[in-house]
Each structure stands twice: as C-alpha cells, then as structure tokens.
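Trainee: This is what each chain is made of:
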Amino acid sequence: MTYQNVPAPVAPEINLGDSFVTTRVDAVVNWGRRNSLWPFPFGTACCAIEFMGIVSSVFDVSRFGAELVRFSPRQADLLIIAGTVTYKQAPVLRRIYEQMCEPRWVISAGACASSGGFYDCYCTVPGIDEIIPVDIYIAGCPPRPEAFLESIVQLQKKIDKESLVEQRTVGI
Amino acid sequence: MIAHRTHVPQGPIQPGLTNEQLATLLGERFALTRDASDRWDLTLVCKAEQLREVVKYLRDEPTLSFAMLLDVVGVDYLAYPGHRSERFAVLYPMKSLAFRHRLVLKVMVDEEACVVPSLCEFYKSVEWAEREAWDQYGIVFAGHPNLKRLLNHHEFVGHPLRKDYPCQKRQKLSMNDPMIDQLEARLRSLGYTILERGETSVGQAITRPSAVPSALPKAGGKP
Amino acid sequence: MKVITPQGEHVDLMTLNVGPSHPATHGTLRILAALDGENIAGCVTEMGYLHRGFEKMIEQGTYSQVLPYTDRLNYCSAMMNNIGFCKAVEKMFAITVPDRCIVVRVILSELSRIIDHMVCTCTNLVDLGALTNFWYFFNTREQVYVIWEKLCGARLTNTMTRIGGMYRDTYHGFEDDVRAVLVKIESAVHEVRGLIEHNKIFIDRTKDVCAVSAADAISWGWTGPCLRASGVDRDLRKDEPYYGYETYNFDTVIGTSGDTFDRIMVRMYEMIESVSIVRQALDRLKPGPINTLDARLSLPSRDQVYHDMEALINSFKLVYEGVRPPAGICYDATEAANGELGYHIISDGGTNPYRVKVRPPCFTQYAAYADMLTGSMLADVASSLGSINIIAGELDR
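Chains as they are written, first to last, in our numbering: chain R, 1 to 172; chain V, 1 to 223; chain Z, 1 to 397.
Hints are supplied without guarantee of correctness; some may be wrong.
[As the list claims (entries may be wrong)] Calculated Cβ distances over 12 Å to all of chain R for the following chain Z residues:
1) Pro6
2) Leu16
3) Tyr49
4) Thr96
5) Val119
6) Arg155
7) Gly194
8) Gly231
9) Phe250
10) Thr252
11) Val253
12) Met268
13) Arg279
14) Thr374
15) Gly393
[To be verified] FRET-style restraints, in silico, Cβ to Cβ:
16) Arg100/V <-> Asp251/Z: 18 to 24 Å
17) Thr132/Z <-> Arg100/V: 27 to 33 Å
18) Trp135/Z <-> Thr18/V: 48 to 54 Å
19) Leu68/R <-> His190/Z: 46 to 52 Å
20) Cys114/V <-> Gln154/R: 51 to 57 Å
21) Arg74/R <-> Asp12/Z: 23 to 29 Å
22) Ile95/Z <-> Pro15/V: 40 to 46 Å
23) Arg63/R <-> Glu121/V: 54 to 60 Å
24) Ser257/Z <-> Ser72/R: 34 to 40 Å
25) Arg63/R <-> Val146/Z: 18 to 24 Å
26) Gly191/V <-> Arg74/R: 37 to 43 Å
27) Thr96/Z <-> Arg100/V: 17 to 23 Å
28) Gly191/V <-> Ser213/Z: 19 to 25 Å
Just so you know, these hints were derived from the structure itself, not from any lab.
Ideal placement from N, C-alpha and C gives every residue a C-beta, glycine not left out.
Model the full assembly from the supplied sequences, consistent with the hints where possible.
Mentor: Pasting the structure below:
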C-alpha cells in the first residue's frame with residue numbers, strides 16, 4: 001500500500017447535500033426570541049382592560065407568538081406596562097424589572113405609562129422611563145388593540161437587529 | 001372590639017319624612033341649622049362637640065334610621081370667594097335604607113386645632129374614609145384607631161388636596177411601607193400575643209433612584 | 001412571627017405579602033397576611049397604588065374637562081361615570097334633559113352595567129382557573145365595543161355624555177345593532193351559567209366563602225350587587241328612581257347568604273334584567289332633540305353661530321369659559337355597576353369646580369376586605385377579591 005493510494009480526504013459538505021443551511025448565530029437566536037415573547041402584564045389601570053382585549057379571541061396576540069402571559073417576572077422576557085404608574089407604585093415596578101432575566105424588553109402602553117398622561121399632578125410618575133428603560137412606546141388613552149399588536153411587531157423588528165456579540169446593557 | 005348596631009330593613013323602602021320635617025325635627029332637638037348653600041337637598045350644620053351625639057341619634061332612632069354613612073368628605077375653603085369662617089369642613093353624607101331619607105352633616109373645622117371626633121364606633125365604613133380625609137386634608141379624627149395615610153405613600157409630606165398644596169409638587173418614594181406594624185396591631189386586636197417579629201422580605205429600597213436609564217446605550221447600539 | 005393564639009397555643013405564623021403586582025389583585029391592591037398553615041390568621045390591606053390625583057386634577061379644569069377624568073374612574077363601565085357626573089351638574093342647574101337623551105342614557109347605562117358585570121365575573125372565574133368563560137364574555141364585550149365605536153369612536157373611555165345632553169345622537173341602525181348584541185349577551189350569559197352554576201369545583205370554592213351578613217354589609221356602607229347578595233333589597237333604580245326607572249319592568253336580584261357564590265350569581269342574573277331594561281328602552285326610543293336647548297349648557301347650532309351675533313357670543317363663552325353652575329353644595333348619586341356612585345360637588349359659582357368628591361362604591365367594599373379574609377384560607381384571597389369587583393381607578397382615584 002503506497003501513500004498515493006490513500007484516497008484524498010473528502011470535504012464533508014459533498015456528502016451532506018442540502019440537509020443543512022448556514023446562517024449566523026444571531027439570526028437563529030433572534031428568530032427564536034422574537035417569535036416567542038413571554039409577556040408579563042404590569043397592568044394597573046384602563047390599559048390593562050385593553051390588554052385583556054388583545055389576549056382574547058378577537059385580536060388574538062398568539063398570532064404574533066406573544067400569548068403566553070406569565071405572572072412571574074422571572075419567567076417573562078417582555079414587560080408590558082399598561083396603566084398609570086404612581087410614585088407609590090414605582091418601587092414595585094423597579095423591583096419587578098430587576099427580577100427579570102436578560103434579555104428583557106419593555107413596552108410602555110398608553111399615555112400614562114409613557115408620559116403621565118393627563119394626570120400631571122403630585123402622585124403620578126411623568127413617564128416610566130424615569131424608573132426603567134423602555135423599548136417601545138404606544139400612544140393612546142388607552143391604545144387600541146391594533147396599536148398593541150403593532151408595538152409587538154415593532155419590537156420584533158428591533159429584536160431582529162440585536163447581536164449576541166454586542167452585549168445588551170445589563171442592569172442600570 | 002367595637003359593637004356595631006345595624007338594622008336590616010325589611011320590605012320596600014318607605015317615604016319617611018320630608019327634608020323640611022327632618023330639618024325641623026333636628027333643629028328643635030339639637031339646634032342644627034340648615035346650610036343655605038345646599039339649595040337642592042338637606043345639609044345641616046353641626047358643631048364638632050355634638051357630632052357623635054347627633055350621629056348616634058340619627059342611626060338609632062327608629063323613625064330616622066340612618067343606617068349608612070356613605071362618605072367622609074373633607075373641604076378646604078381657603079380659596080372660596082367670600083368665605084369668612086373656619087378654613088376646613090367635613091361633610092358626612094348619610095342615608096337610610098328603611099326610609100327615603102338622605103342628609104349631609106357639615107362640621108366646620110378650625111385650622112389651628114383641626115380636630116373632629118372620630119365616628120369609627122358607629123359605622124364600620126368610617127375608618128378608611130376618615131383615614132382618607134386625614135391623608136388629603138390633614139384633618140385629625142380624635143379617637144381613630146389607626147390614623148395613617150391611605151392614598152398617598154407613607155413618605156409623603158403635607159396634604160395634597162389643601163388649596164395651598166401645588167398641584168405638580170411631586171414627592172418620590174424610596175421604599176414601600178412594610179406594614180408589619182399594622183399587621184401586628186391587627187393580630188393583637190384579634191386576640192393574639194406577639195412574641196417575636198419574624199423575618200420578612202417585604203419592602204425593598206430603590207437602590208439608585210437618580211439613575212436615568214434612558215440615557216444609557218441600548219441594545220443593538222455600538223459598544 | 002411567633003405568637004400566642006387567643007386559644008393559648010404557641011404558633012409560628014408566616015408572613016406573606018400578596019400584591020400589588022399579582023394577577024388576582026389587578027396590579028394595584030396589596031394584602032399582607034399572617035398565615036397559620038393555609039389559614040389566614042389576620043391580614044391588613046393597602047390601597048393607593050393607583051392614586052393619580054383625580055380630585056386635584058379636576059379642580060384645575062372646567063366642568064366639561066372633568067368628563068374625560070370620570071371615564072377613568074370605573075373604566076369597565078365608563079359611560080355610567082359620565083352619566084352620573086352630568087346628572088349631578090344638571091341637578092345643580094335644575095334642568096331636565098330631553099326624553100330621547102334620557103332613554104339613550106338608560107340604554108347606554110344598562111349596556112355598560114352588563115359589560116362591567118362581564119369583566120367582573122369572567123376575571124373572577126379566571127382567578128379560579130376557569131379560563132373558557134373569559135373568551136365567552138370578552139367576545140361579547142367586543143361586540144358592545146363595536147357599538148361604542150360607532151357611537152363615538154372610542155372603545156373604552158368614551159366621554160359620550162355632555163352636561164345637558166350627549167356628544168351626538170345615535171347613528172342610523174343603532175337600535176338594530178343593540179338588539180342583535182342583546183341576543184349575543186343572553187346566549188353568552190346562558191353558556192357561562194351552564195358552565196359554572198352546577199359546577200362542583202366552582203361551588204366548593206365559592207359557597208360559604210367570605211360570607212358577609214346583611215347587618216355587616218350595611219355597616220360597611222356596601223351598595224349595589226354586593227349589598228344585594230347579602231340579602232338587602234336596595235337598588236337606587238327602585239328606591240330613588242331617576243331617568244324613569246320606576247316605569248321599567250325589572251326585578252332586583254337578591255342573594256341569601258352574601259358569600260362569593262351569591263355575589264357572582266347576583267351579577268349573572270342582573271345582566272339578564274339589564275337586557276330586559278334595554279329592550280324596553282329601545283321600544284321607547286322616539287325621535288327628538290338629544291341636547292337641552294338651555295343656552296347656559298348647550299352649544300348653539302353651527303347655522304345659528306354663523307348668522308346670529310348672540311349665538312356666536314354664547315358659543316364663544318361656552319367654549320372659552322364653560323358652564324357655571326350656581327354656587328353651593330350638591331350631592332347626587334346614581335346606581336352604577338358597582339353600587340351607589342355619588343358626586344359631591346362644591347361650586348363657587350365659577351367655571352371650575354371648587355371641589356368634587358367621588359363616592360366610589362368599591363371603596364367601602366375594599367375596606368371590608370381584610371375583615372372578610374380573616375379566618376378564611378389563602379386560596380380564598382383570589383376568589384373573593386374578584387367577587388367584590390374592585391376597580392382601582394375608582395378605588396384610588
């Protein structure tokens with residue numbers, strides 16, 4: 001047996017055919033994250049009733065993969081603040097946010113959560129971004145269910161652009 | 001424990017006395033005067049020192065039977081045009097379930113002392129309503145078992161519904177009320193003896209309330 | 001915490017905090033309980049997490065600007081809050097709104113009562129684990145929202161009424177839409193009742209749970225369905241009728257024991273009574289003006305404004321200054337979905353209300369909650385909190 005008779009090593013791609021695709025890790029991970037958001041509804045006021053509306057059959061948020069509502073912040077990756085946040089509520093919201101694992105996203109639903117709304121007085125937080133970072137703001141008092149759904153679509157687009165290499169800001 | 005006497009009405013509601021008859025009756029018995037500013041229904045002005053006596057009579061007298069005290073309303077007359085007497089007032093809307101009686105008792109409260117007697121022993125509904133009036137106006141209800149803030153947080157300073165409290169004067173809260181002291185008081189009132197306060201994780205301070213997170217780089221941005 | 005019970009036993013109680021961010025507490029209520037095993041030895045409750053300064057804010061604006069704030073008191077039945085406030089201000093002006101307006105307000109009130117009871121019962125059932133009822137009731141609720149949207153464009157917070165009338169008259173085909181939705185409501189109520197009324201799990205979890213006696217309910221100042229569940233036959237629509245409720249044929253629904261089961265069932269049957277009231281009101285709906293012609297309250301028509309100097313001035317004054325009720329103290333109440341919704345208005349004769357105190361019906365119900373829970377079990381926290389229907393918007397204001 002001579003050295004020349006040994007068959008040349010074959011590149012594995014040749015035999016595997018089209019049974020695999022190449023892609024980036026980012027794309028796969030983001031695809032999974034974007035289509036299986038688990039929301040934690042931090043519903044305090046009127047907007048929470050509209051949130052119930054999008055979970056129910058007519059608007060059906062499960063079409064966007066975000067129907068698995070979790071009431072433990074440790075199991076959720078999407079925090080939806082639906083309703084007015086007062087200074088009495090603020091430490092609670094902050095604590096809930098801190099209990100969520102990375103990656104986590106925040107949707108501020110409605111005028112009150114985004115800016116305090118028309119409650120411009122001694123007890124209301126003028127926008128929850130004073131306490132926690134926010135990814136998507138939704139307008140409306142309360143926002144229509146379509147606006148809620150649009151915010152989830154927008155958030156999915158945002159997640160698509162994220163990268164595992166560039167670390168998300170952990171904590172604040 | 002406080003004894004509450006309540007009559008449960010039977011059958012449909014009865015017409016009872018008219019507002020004029022009520023005003024005459026109470027005017028003769030307690031020298032209550034009708035408040036002219038209520039030109040629609042019956043509001044009677046009552047002195048703070050006779051309040052408890054009047055309320056007890058209104059509740060227990062079978063021909064009046066004011067079984068329900070609906071609310072405790074604080075009022076600050078500081079900015080009221082032409083107001084010359086005491087600064088605060090407390091309104092007690094009451095109604096009867098046996099008769100179609102409704103009236104409002106009005107007690108004027110002096111700014112210096114700012115005290116009215118508590119009605120907690122007559123109606124269960126009063127306890128929280130008086131806490132709210134104290135929270136919002138700073139009116140003290142003498143004899144109240146647990147006069148704490150109800151709507152505003154426990155670090156709040158001042159009384160927001162007073163006319164001289166600026167609407168946009170915000171007050172931040174660093175930590176929620178642990179409420180352990182209230183729970184212990186509650187257990188004591190139920191007959192328990194507290195030997196040792198246990199561990200509790202209730203209430204946690206915001207660590208860095210001044211941080212402005214929106215200014216920090218977000219995910220997807222350049223590091 | 002280590003304690004000695006009233007019976008003299010040494011027990012180690014566990015302190016458990018429930019809420020404010022808990023699905024059963026609607027995100028805004030907090031309960032701190034001392035547990036002996038699964039039994040609640042004692043507990044205290046806290047509110048105010050949604051205190052957003054309603055009473056301070058409305059002192060800053062005019063009477064018409066109060067209306068959007070009233071929407072957000074009991075946001076499950078926003079129309080009834082509007083109507084209650086408008087009725088109180090109209091009482092100060094001593095005017096009656098036109099007949100058509102009254103009938104439309106009755107229809108909207110009763111539909112609001114139905115959708116409010118729907119939210120209350122279906123979320124209560126979700127807290128008990130019965131999720132199917134949530135879809136049944138929310139689908140029907142969406143159909144009522146479609147009518148709301150056609151009426152005024154908004155789904156939840158409508159601001160449909162105005163002082164002295166309505167924002168606008170009903171649209172063409174309103175009656176047919178309402179009649180169609182009433183059939184859907186009846187069938188939804190029938191379906192849900194079929195699922196729960198003889199359901200052993202439901203009955204075990206609600207019967208004789210957190211029962212409140214009639215005497216206690218009165219002393220606590222309870223009104224509305226919760227008071228009626230305790231067996232007290234009192235309803236403002238019958239006792240102090242307004243808007244011609246005495247001429248409608250309907251029954252008040254009364255419970256017997258005042259437990260969670262009764263409170264849910266009273267709401268279930270009240271929906272059927274409200275359906276009957278709406279049907280009777282639809283039969284009475286006659287064409288006519290919807291707004292009062294009183295120039296102190298209603299805007300003149302555009303045509304008059306363009307051609308008449310007086311009407312132009314009137315329109316200008318109403319828009320820039322608003323209405324001016326006479327000075328004084330006025331209390332007025334309506335039977336809202338939760339009970340007696342009262343507005344105590346103090347006017348100084350100006351364009352802004354000097355002081356408005358809302359008497360929210362669920363305030364007294366939540367005040368009683370700590371007493372109700374004492375001696376019951378931890379699992380009853382969720383089941384009984386839903387049944388007293390605490391809406392944080394009107395509780396904390």
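Trainee: It remains to establish, for every hint, whether it holds in the given structure.
Mentor: Okay, the hints, checked on the actual structure:
1. Remark: the non-interface label on Pro6/Z is consistent with the geometry, its nearest Cβ contact in chain R lying 34 Å away (cut-off 12 Å).
2. A cut-off of 12 Å between C-beta atoms confirms that Leu16/Z is not in contact with chain R; the least separation is 16 Å.
3. Against the 12 Å criterion, Tyr49/Z falls within the reach of chain R, whose nearest CB is about 5 Å from its own CB.
4. The claim that Thr96/Z is not at the interface with chain R holds, since no C-beta of that chain comes within 12 Å of its own (minimum 31 Å).
5. Listed as outside the interface, Val119/Z is inconsistent with that label: its C-beta sits roughly 7 Å from the nearest C-beta of chain R, within the 12 Å cut-off.
6. Annotated as non-interface, Arg155/Z brings its C-beta within 12 Å of a C-beta of chain R; the closest such distance is 7 Å.
7. Separation of Gly194/Z from chain R is adequate, the least Cβ-Cβ distance of about 19 Å exceeding the 12 Å criterion.
8. Every beta carbon of chain R lies more than 12 Å from that of Gly231/Z, the smallest distance being close to 31 Å; the non-interface claim holds.
9. No beta-carbon of chain R is positioned within 12 Å of the beta-carbon of Phe250/Z; the least distance is around 27 Å.
10. Every Cβ of chain R is farther than 12 Å from the Cβ of Thr252/Z; the closest lies at roughly 27 Å, confirming the non-interface assignment.
11. For Val253/Z, the shortest C-beta to C-beta distance to chain R comes to about 25 Å, beyond the 12 Å cut-off, and the non-interface label holds.
12. Non-interface call for Met268/Z relative to chain R: holds, since the shortest CB-CB distance, roughly 19 Å, exceeds 12 Å.
13. Even its closest Cβ contact with chain R, about 25 Å, leaves Arg279/Z beyond 12 Å, as expected for a residue assigned away from the interface.
14. With a closest Cβ-Cβ approach of about 25 Å to chain R, Thr374/Z is found to remain outside the 12 Å limit, as its non-interface label requires.
15. With a cut of 12 Å on Cβ distances, Gly393/Z falls inside the contact zone with chain R, its closest approach being about 6 Å.
16. Distance hint for Arg100/V and Asp251/Z: a CB-CB separation of about 20 Å, consistent with the stated range 18 to 24 Å.
17. Our hint of 27 to 33 Å for Thr132/Z and Arg100/V is violated, since their Cβ atoms are close to 44 Å apart.
18. Between Trp135/Z and Thr18/V, the C-beta spacing of about 52 Å keeps the proposed range 48 to 54 Å intact.
19. Separated by about 31 Å at the C-beta atoms, Leu68/R and His190/Z break the suggested range of 46 to 52 Å.
20. The hinted window of 51 to 57 Å between Cys114/V and Gln154/R holds, with their beta carbons roughly 53 Å apart.
21. Our hint of 23 to 29 Å for Arg74/R and Asp12/Z holds, since their Cβ atoms are close to 27 Å apart.
22. Between Ile95/Z and Pro15/V the CB atoms are about 25 Å apart, so this pair departs from the stated range of 40 to 46 Å.
23. The hinted window of 54 to 60 Å between Arg63/R and Glu121/V holds, with their beta carbons roughly 58 Å apart.
24. Against the hinted window of 34 to 40 Å, the Cβ-Cβ separation of Ser257/Z and Ser72/R comes to about 35 Å, which satisfies the hint.
25. At roughly 20 Å, the beta carbons of Arg63/R and Val146/Z sit within the given window of 18 to 24 Å.
26. Checked against the hint of 37 to 43 Å, the C-beta distance between Gly191/V and Arg74/R comes to roughly 38 Å, which is consistent with it.
27. About 20 Å separates the C-beta atoms of Thr96/Z and Arg100/V, a value consistent with the hinted range of 17 to 23 Å.
28. Taken as a hint, the range 19 to 25 Å holds for the pair Gly191/V and Ser213/Z, whose Cβ atoms sit roughly 21 Å apart.
Of the numbered hints listed earlier, those contradicted by the structure are 3, 5, 6, 15, 17, 19 and 22.
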